[in-house]
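Based on the sequences and whatever the hints tell you, model everything.
Protein chains in written order, with the working numbering: chain A, 1 to 112; chain B, 1 to 114.
Bear in mind the hints are in silico, worked out from the structure with no lab data behind them.
Quick caveat: nothing in here was measured; it's all calculated off a predicted structure.
Be a bit skeptical, because a hint or two may be false.
Lysine-lysine pairs mimicking DSS-like chemistry, simulated, CA-CA at most 30 Å apart [what the hints assert, rightly or not]: (1) A:K70 with A:K26; (2) A:K56 with A:K26; (3) B:K95 with A:K26; (4) A:K70 with A:K99; (5) B:K95 with A:K56; (6) A:K69 with A:K56; (7) B:K9 with B:K95; (8) A:K70 with B:K95; (9) A:K99 with B:K9; (10) A:K99 with A:K56; (11) A:K69 with A:K99; (12) A:K99 with A:K26; (13) B:K95 with A:K99; (14) A:K70 with A:K56; (15) A:K69 with A:K26.
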Amino acid sequence: SQQGEEDPQALSIQEGENATMNCSYKTSINNLQWYRQNSGRGLVHLILIRSNEREKHSGRLRVTLDTSKKSSSLLITASRAADTASYFCATDGGTSYGKLTFGQGTILTVHP
Amino acid sequence: NAGVTQTPKFQVLKTGQSMTLQCAQDMNHEYMSWYRQDPGMGLRLIHYSVGAGITDQGEVPNGYNVSRSTTEDFPLRLLSAAPSQTSVYFCASKKNSGNTGELFFGEGSRLTVL
Numbered sequence: 001s002q003q004g005e006e007d008p009q010a011l012s013i014q015e016g017e018n019a020t021m022n023c024s025y026k027t028s029i030n031n032l033q034w035y036r037q038n039s040g041r042g043l044v045h046l047i048l049i050r051s052n053e054r055e056k057h058s059g060r061l062r063v064t065l066d067t068s069k070k071s072s073s074l075l076i077t078a079s080r081a082a083d084t085a086s087y088f089c090a091t092d093g094g095t096s097y098g099k100l101t102f103g104q105g106t107i108l109t110v111h112p
Numbered sequence: 001n002a003g004v005t006q007t008p009k010f011q012v013l014k015t016g017q018s019m020t021l022q023c024a025q026d027m028n029h030e031y032m033s034w035y036r037q038d039p040g041m042g043l044r045l046i047h048y049s050v051g052a053g054i055t056d057q058g059e060v061p062n063g064y065n066v067s068r069s070t071t072e073d074f075p076l077r078l079l080s081a082a083p084s085q086t087s088v089y090f091c092a093s094k095k096n097s098g099n100t101g102e103l104f105f106g107e108g109s110r111l112t113v114l
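If you want it as structure tokens, here you go:
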């Protein structure tokens, strides 16, 4: 079964708006990561947040982590058409060797 | 640096045929893994390796074999292809086998089994 589950499954917004995607997971983690996948391409790492961190920023990305609720959110501010992609969260299940389990992803469409 | 290179990019097989998906990385990464991506299922881990000579099963290993004779290469073998193995396959690597670090993905191999 999938460790991470993203919500919503699909999100459609206008350029300039913010996009928020949520991820829930089931077991303990060492860290949680977010990846992006453009259509027909491989996944690209966006950001990693450790289990002892509550919030992390990288450019227009803001990630929060609530380990008590086993949930994370990814906020993309001031979205651009180029942000159109699928976004996945990935968790390590608390393992020591970094085996990552991915959720089903959120498909983000940003309209110009 | 080419990163993670997968070949072939596209392949069509008949049921029962065997084939090998190739994966090579030039970043001297310890950890390598194979995922399959199916619509509505996200990515599921098939096999992974924490170093040369060491492999282990992931979530969906049945019908697939792997080996890791060198640090650079991690081929995925389909022993007797079935239509259920129609999917997009991704190879991914990271620097070490610890619990930190990002995965670097190849561009994928799209397999159709008729």
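Please work out if A:K69 and A:K26 have their alpha carbons no farther apart than 30 Å. holds, 9 Å
Below or equal to 30 Å on CA atoms is what counts here, so check A:K56 against A:K26. Holds: A:K56 and A:K26 sit about 21 Å apart, inside 30 Å.
Take a quick look at whether B:K95 and A:K99 sit within 30 Å of each other, Cα to Cα. holds, 13 Å
Would the pair A:K70 and B:K95 pass a check requiring their Cα atoms to be no farther apart than 30 Å? holds, 27 Å
Are the Cα atoms of A:K70 and A:K26 separated by 30 Å or less? holds, 7 Å
Holds or violated: are the alpha carbons of B:K95 and A:K56 at most 30 Å from each other? Measuring from Cα to Cα gives roughly 22 Å; hence the hint holds.
For a C-alpha distance cap of 30 Å, please report whether A:K99 and A:K26 respect it. The given pair, whose Cα atoms are some 15 Å apart, holds under the 30 Å limit.
30 Å limit on alpha-carbon distance, applied to hinted pair B:K9 and B:K95: holds, 24 Å
For the pair we were handed, A:K99 and A:K56, check the Cα-Cα distance against 30 Å. holds, 22 Å
Are the Cα positions of A:K69 and A:K99 separated by 30 Å at most? holds, 22 Å
Quick one, are B:K95 and A:K26 close enough, alpha carbons at most 30 Å? holds, 26 Å
Check whether the Cα positions of A:K70 and A:K56 lie no farther apart than 30 Å. Answer holds: A:K70 to A:K56 is near 16 Å, not above 30 Å.
In terms of the numbered hints stated before, the structure departs from none.
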